[in-house]
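A.B. asks: Chains W and S, in that order, give the protein sequences.
Take 8 as the starting number for the first sequence in our numbering and just add one per residue.
Take 8 as the starting number for the second sequence in our numbering and just add one per residue.
Treat the hints as calculated values from the structure; they're not laboratory data.
You may find that some hints are simply not true.
Identical chains share a label here; the pair holds if one copy fits it or two copies do between them.
[Claimed, not checked] With a cut-off of at most 30 Å between alpha-carbon atoms, the simulated DSSO-like pairs for lysine-lysine come out as follows:
id : residue 1 : residue 2
1  : Lys164    : Lys284
2  : Lys165    : Lys284
3  : Lys165    : Lys252
4  : Lys252    : Lys160
2 protein chains.
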Amino acid sequence: MGRHRSGAKKDPVIVIVEPYGGSTRMHSPSLPHVYFDDASVTRGDGVFETLLIRGGRPVNVERHVRRFARSAELLDLPEVVEETWLKATLEAARAFGDDQDGSCSWTLSRGRAATGNATAWIVVRPLPDSVYEQREKGVRVMLAERGYELPGKKNRKKFPWLAVGAKSLNYAAAMSVVRYAHQEGFDDVIYVQGETVLEGATSTVVVTRGNKLRTPLGLDSIMEGTTQALLFEFAQAQGLSVKAKELSVEDLRAADGVWLVSAARTAVKVTRLGQEKLPKNKDAVDVAALLDRAIAAQVGA
Amino acid sequence: MGRHRSGAKKDPVIVIVEPYGGSTRMHSPSLPHVYFDDASVTRGDGVFETLLIRGGRPVNVERHVRRFARSAELLDLPEVVEETWLKATLEAARAFGDDQDGSCSWTLSRGRAATGNATAWIVVRPLPDSVYEQREKGVRVMLAERGYELPGKKNRKKFPWLAVGAKSLNYAAAMSVVRYAHQEGFDDVIYVQGETVLEGATSTVVVTRGNKLRTPLGLDSIMEGTTQALLFEFAQAQGLSVKAKELSVEDLRAADGVWLVSAARTAVKVTRLGQEKLPKNKDAVDVAALLDRAIAAQVGA
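The whole structure should be built from the sequences, with the hints applied where relevant.
C.D. replies: Spelled out as structure tokens, the structure:
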């Protein structure tokens, strides 16, 4: 229910959030709400999360709110008031409706220079057509080096201003690498470091081999995956073996199935890795179906 | 004229620009104009420039527009239509008035997801009080490593998606390092790589020794300085020696004067480098006065 494409294009729902806790209000998507001097727009200075809305309910909210709070802390933003975000998210999800999946984004910005106050809002919108296509047909993936290296865990404290690990609005590189991949005939990107697999541009890598699910070990430069965590928790409860371990490009080639897992798109299968076709129907575990069940267990949809 | 602090706090002036060339329109600063789905706000996906407005006229426009156009090209944004930006800038500067300095920012964003069209605007606002204070009293500077390394010129082509050298809206790290410096009792930051001097967080380093002006050699990770270029061109015409060369932290300590040069703040003197006080009245060349003359030669103010 809701996870399939709907004919009707719905309007987005916007809820403005009082970042220090307190009231929320609906805002018309046909009117702008961000001011010229908001740090989100002048500097990309803020944090975000993207959640799935299914059956009119937000999915995996606790993990998202924890990561959101940690991102805000790393960037020295006002403390995330969980109740306010949860309340506003439920309100937005309800207004969006239960007939189709929605992508819900949370934004917490350092705010307006004029006021010195943080700004915050939630947007729920329909998924783009490309997401439904990728869920159905899978994705062709380009392997890419990041091109830079951030300090490892031991060195991070020497560079607190980098706020490594925060999901910040400085996200143009992730968009840029996917744009580049499109030009080269691919749909998405998996970052590697030499032969070591890191993560997708905006997703977590999961591979299957028999009844085992594996994800790259949380190296320093990998964003902790909220959806992968939900998937693994559910899979383990079903008796599957789940583990984070170092994965090489060769491990991807040898896997039964390679998947990219993220909140709104859920799980999409990798059909091509660079110039190489991956096996189609080899896997014993359908990760997309498994994740759908994990989601259903949460939202009853 | 105009370069000194004015008692009156003026309203900002906003001009919305048609990014593909064409019309411009004034927008009230008391109303928001950026939509929830604009790439500038969702991803920091866009480019910017900051210019000085003095005597009601934009300063050093040609260099800014060239860098802006190159940034846009690196990020695969629509081509910058120079006439449109120049016309809109003159319009905004005139509306701002000639009684005080203004900071003028150009923004070109990848634009709204809903329309697929780029968005663009200009804002002119009064300088914050801190800028006038720093012009007068100088700045205490913390030395900091960036914490990451971008690919050098030879390797850049391997990572086109990093768009190294573009002045993008992904600027939170520069804000974050200055925030950190404030907490530590400093006003600003000079980035170093080991003992090699790179640049200020949002400015170019210039040192004086006798009648010589020096700036760090344009290493890969240094943003080309438009204001430093204006300064050096003018200084050379006055018979001073100007050169870009590799500078060490020791060279800063041994200099007659160390300055941070940028568009809106112009030139501010470094009074303290880490724990070390720098000499006060040693320099033969007053870089701030020299830059003011270079600016005056441009705008007749």
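A.B. asks: Now tell me, hint by hint, if it's right for this structure.
C.D. replies: So, going through the hints one by one against the coordinates:
In this assembly of identical chains, Lys164 and Lys284 lie within 30 Å of each other by CA distance solely across copies; the values are 27 Å between and 42 Å within a copy. For a Cα distance limit of 30 Å, the shortest separation of Lys165 from Lys284 across copies, 24 Å, qualifies, whereas the shortest one inside one copy, 43 Å, does not. For the identical chains of this complex, Lys165 and Lys252 are neighbours both inside a copy (27 Å) and across copies (28 Å), given an alpha-carbon limit of 30 Å. In this assembly of identical chains, Lys252 and Lys160 lie within 30 Å of each other by CA distance solely inside one copy; the values are 17 Å within and 35 Å between copies.
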